[in-house]
Amino acid sequence: MRIGSRPSSGFLSWTIEKRLDAPRRLQFAIPAFSLVAALVTGAVFLALMGVSPFEAYSAMFRAAFGDGYGISETLVKAIPLSMAAIAVMLCFTMLVYNIGAEGQIFMGAIASAAVVRYFPVDNAPAMLLTMAAAAGIAGGVWAAMAGYLRARWNVNEIISTLMLNYIAIHLMDYFVYGPWRDPASLGFPMTAPFPDAARLPLLFGTRIHMGLFAAVFLAILFLVLIRYTRWGYEIRVLGENPKAAGFAGINYVRNVILVMFISGAIAGIAGMCEVSGLQGRLQHGFSAGYGFTAIIVAWLSRLNPIAILFVSVLIGALLVGGETLQIVMRLPLSSTLILQGLILFFVLGGEIFRTYRIRFRREDA
Amino acid sequence: MRKKALLLALAAVLVMCGAGFAFDAVPADKLKPGFVYIGPVGDGGWTFMHDKGREEMEKAFPGVKSSFVESVPEGPDSLRVMETFIRNGSKVIFATSFGYMDFVQEAAKKHPDVMFLHCSGYKRADNVGTYFGRMYQARYLSGLVAGKMTKKNVIGYVAAHPIPEVIRMINAFTIGVKKVNPKAEVRVVWLFSWFDPGKEKEATKALIDSGADLIAMHADTGAAPQAAEEAGVYVIGYNNDMSKFAPTKHLTAPIWDWGMFYKHYIGEMTKGTWKAGDIWWGLKEGVVGLAPFGKDVPEDAKKLVETEKARIVSGSWDVFAGPVKDQKGVEKIPQGKTATDAEMLSMNWFVEGVKGDIPK
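Heads up: the protein sequence lines correspond to chains A and B, in order.
So for the first sequence, the numbering used here puts the first residue at 1; every next one is plus one.
So for the second sequence, the numbering used here puts the first residue at 1001; every next one is plus one.
Some clues are possibly wrong.
Claimed, not checked - Here are some chain B residues pointing at chain A (derived, C-beta under 7 Å):
| id | residue |
| --- | --- |
| 1 | P1076 |
| 2 | T1084 |
| 3 | I1086 |
| 4 | N1088 |
| 5 | G1089 |
| 6 | P1162 |
| 7 | I1163 |
| 8 | E1343 |
| 9 | S1346 |
| 10 | N1348 |
| 11 | E1352 |
Said to hold, decoys possible - One-sided and incomplete, this derived list gives chain B residues near chain A with beta-carbon spacing under 8 Å:
| id | residue |
| --- | --- |
| 12 | F1048 |
| 13 | S1071 |
| 14 | K1360 |
Said to hold, decoys possible - To be clear about the criterion: a stretch of chain A counts as covered by chain B if any three or more of its residues have a C-beta under 8 Å from a C-beta of chain B, and this derived list gives those stretches:
| id | segment |
| --- | --- |
| 15 | 25-32 |
| 16 | 120-130 |
| 17 | 236-250 |
| 18 | 286-299 |
I should point out that these hints are in silico values taken from the structure, not numbers from a laboratory.
For glycine and all other residues, C-beta sits at the position ideal for the given N, C-alpha and C.
Just chain B, same shape as in the assembly (with noise of 0.2 Å):
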């Protein structure tokens, strides 16, 4: 037993000699994890797929007890909250919302015996690790269909915050329109919210009204599928496969599997190999896809999907590959080079076919 552990103590100190350290192993019964969620569970998109995520952890990991919090501001209420899981006995904290990023700084500072891991923001530490997923991938797929399926020429989209994250995804969802009808354009709506279904709904009539034939959108809840539908305009959906909202307009939606992260990082903890990291999966790990085709759908784009989605998987191209110009026409990206993860993450223009500003 105290050969044992000898080793492994001369194991961590060589693990911490290199990047980071792994954290102890924590019994499935121990870890307790927390969620923090900016929504309510029950939002149809983001938070449900979330908690559709910790469900399937739960039934993958029996010993595992988690709980939540729904509706946490992004702001000092957040801090709070984790310290209240903490006091509670959880040793992993799920932050899922951009905005809690320094209160799990400052929550991870006070507790570095506590595992944190920040979806979607880009400060680690020691005890802070962070999780997304190319996302814009699968946007790219669906811009394909949208580009099929416009019949004006005139593409909606409803937009939360014009954060890199977000404008990412615009630009891929254009690439893929432009690839398949280089006449369409995508008008740009933004919410400055996550979550406000009334705003939601209010953007894409007004987006309908100037003409668009086809919404696609990036919000928390299903509330603009909803408002596409009673309009009896296409729409593309978000985070989950949105058809009951729009059960004969919805095309195909950009959907998460948000289980696979938290049954990795629950694996990794119980057998103590978790270290702080960064993790972006796409496609190819399958943490982002499509939802089933609607009805309306083409054979050809449903085929054209699987070539392109091939050749993503395969890793021989991806979705910013130059030449890609920006709104102005200037060449961002040359030929030949495809963009950074480092540039993804801050993307801060539009790409060539964007009708909208980005607010400096």
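Only chain A is shown next, with the shape it has when bound in the complex (with noise of 0.2 Å):
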């Protein structure tokens, strides 16, 4: 197929066709070459601002990688992302647009505050299953709600999702600033500190928590439910072919709700996991955005739950290193977006050679 071609002027025209097959090494070879892509291009930028790019880079590199500190704060990072970012993959498999993770994340911090508000334990094993399953099921319930509509009345999920965000958000408001608010805190918006039963314990001394263990247990799990079982199989046909979906009898009703419930699920367990984890009460901006840079991880990812794992440290290395950038370098925030706006831009723009080449002829005429 051909999409748009330029006529020559001299003797080289080209054409964008779409590709027959997608060769195996490109599978690689693309996200690599796009990443490079966008270093080179960042390089340039930031020699523009006249700092060595080398310089920046290295920084970056070894704030995010370079010791112990630095990987470990990496991964705090990739913790929440990674599991948002499998929660929203879920949904994404059957196109379903979940894009309320962040509203997912907010309800699981809200309901394992609940938990330990209204019925703490001192046992901390059992404290911090309590906070995990009331976390999944308010994410989980949040989510179905709007796979509900969609299933039901045809609701855009986009919109629906969306716009629960902002509910979620303010219900958090509504509870540190009244009901919950700790009155030591001299009038000011947070919960009462958790006591330690209901903190997660933290790794190798490092702010690492036991979310790690989650995020990698679910990317495996859900490798294995969406490639290998017959309810992953029914997934990715309503996701490629709603109609021959139906004809084979593939219950969508059921399944848009049901891919919902787990996905706010895994969401609210995300969100409990750094309210528990790093934060330890609840409090106005716990989350930094993790369940909208969530999307992005997923397409990055490309919807691969092993992937995500990956492209969730890069990005939270991004994140980390940014900060060293602007400490060091003594370079603007903006800058480092431009440079993680460079990567994105360059990665999933690289998505199109995947399915489509360019073909350049040779006009004798």
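Using the supplied hints, reconstruct the complex from the two chains, each of which is provided in its own coordinate frame.
Below, the structure is given as structure tokens:
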């Protein structure tokens, strides 16, 4: 299929056409090439800002991977990102666009704080498991509401999940400004600090929490579920060809609600991990927009759960390294954002070469 | 040399027996102050003014090389930012928003040799000091101007978060308004955000639509003054002179001079006299003040501001001097009493004349 072409001015013309097959070797070559192209473009930009691109990149790299601390902080960022990305990946696989992971993260955080407030127990495993269960149910129900509306009345889930984000965020504000406000906080909006039993254990004296295992476990679990089970097959068919799925007797309504519930539950547990592992209380600003970044992570990973783990680490490294760029190179935040934007632009833009190719033609006439 | 060290050690022990201890002097080039900012330095308000203060400090102490990280959320990320500063050699951290409080404490516990200063918080430690200004005094002065300028007696107040800091300033502003114009009311709209130019603009428009003919604001950017200028409504800015956002409608603004704090602290740290404590400076010290008046502000208002300012600076009167009643008319501060700092720090009620609710 011809998409576009430029008429030849001299003797070389080109057309973009769809590939008949997508060669396997391109699977890694394209993203790798895109990344290099982004870094080269970024280098030009850094040089224009008057800093050495080599120094800047190596400072970023050292901050994110240079030592134990850097690696641990990169992983700390990657945990909520990867969990939320797995959550939205599941929906995207069946072409249901859950962009409400942020709200589901908040609902999970609120539910886990509710458990701490109303049903505190002194036994850490019992406490944490109840918190996780409550967070999963809260996030799951939050997402399933949009799933139900989609399944029953064809309500656009992009709109409904987006709106539910704001409701969840305001709901948290309601609790931290209102009934759950810590009386010892001099009127500042936050809950009382969680007791030790409600704090996820941290690993190796870093801030990496048990959420790391949850993220890896979930990635493997959903790789297996989606690729090798009947249910996974149903979801993939629903995503690729809903009509055919209907003829094959695959239940759309049930699967939309179920997939949304599971997706929301994962995001909810991610929220619980953040609050219980890192923040230690419910307070404004705990999420840093993970639910939104997760959408980018899921697409960059081409909806592959294992790739999500690696891409989350990469994005986490960009965030961690970006701070160092500000501190060491004294560059403004916007330059970090531009670098991140370039990488996303090139990697996502490079995707076109997986399905299309450019053909150069020598014209003799 | 030895003797000197011994004497110093002895002095240190003596001081330690007292309240807190002074940190050793750090040479200017070794301090490497790290600033944690809640917004971008280009916000034209809160963070912009902190950064201006940082630059002033650098000018006053040529050896000091500081750096900053912008737009740091008030969550777990802030701890890593502080940690990264320290790993790059910072001996002092300035955390310039309330929500960093717990993370400042966590970082301070891990790094007892690093000095921390937390703006607007209340948790201190041996190496954590807090600093803030009596902005309510400047707010009161701006309220006097607002009371004189409103025609419809409805003033809109775009307010960030319902926390004591913001509530205290709304109250002080309203006390000023009521002093010159007992019939006026102050309508409050909450943003639940420090930095959200879109929301700030929307809230301003909503207040104007509901009948306000003068806007006051407590947010980090110049979006509210911009919206007021567009609607042709008078506005009182905040943080810095916001007249460039509202060239014809800007009356004045309660403004900060953070450079005073930063010069003071860096001076102490290089001399080795810094001790963790709490500083709450006001009009008298000059940390807070008013921006130049707009052309429409009448002479009598300017004069009134001067006399009231003199009263506060002299210490003979302060804004929250009784009798002060709350919204329901209940007397909160009796005649002859003035609110203590502790009462002001946890203020969670509105004075008479404010129309709006504090989420409970």
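Evaluation of the provided hints:
{"no.": "1", "hint": "P1076", "result": "4 Å, holds"}
{"no.": "2", "hint": "T1084", "result": "6 Å, holds"}
{"no.": "3", "hint": "I1086", "result": "10 Å, violated"}
{"no.": "4", "hint": "N1088", "result": "5 Å, holds"}
{"no.": "5", "hint": "G1089", "result": "10 Å, violated"}
{"no.": "6", "hint": "P1162", "result": "6 Å, holds"}
{"no.": "7", "hint": "I1163", "result": "5 Å, holds"}
{"no.": "8", "hint": "E1343", "result": "11 Å, violated"}
{"no.": "9", "hint": "S1346", "result": "4 Å, holds"}
{"no.": "10", "hint": "N1348", "result": "4 Å, holds"}
{"no.": "11", "hint": "E1352", "result": "20 Å, violated"}
{"no.": "12", "hint": "F1048", "result": "13 Å, violated"}
{"no.": "13", "hint": "S1071", "result": "5 Å, holds"}
{"no.": "14", "hint": "K1360", "result": "6 Å, holds"}
{"no.": "15", "hint": "25-32", "result": "violated (count 0)"}
{"no.": "16", "hint": "120-130", "result": "violated (count 0)"}
{"no.": "17", "hint": "236-250", "result": "violated (count 0)"}
{"no.": "18", "hint": "286-299", "result": "holds (count 3)"}
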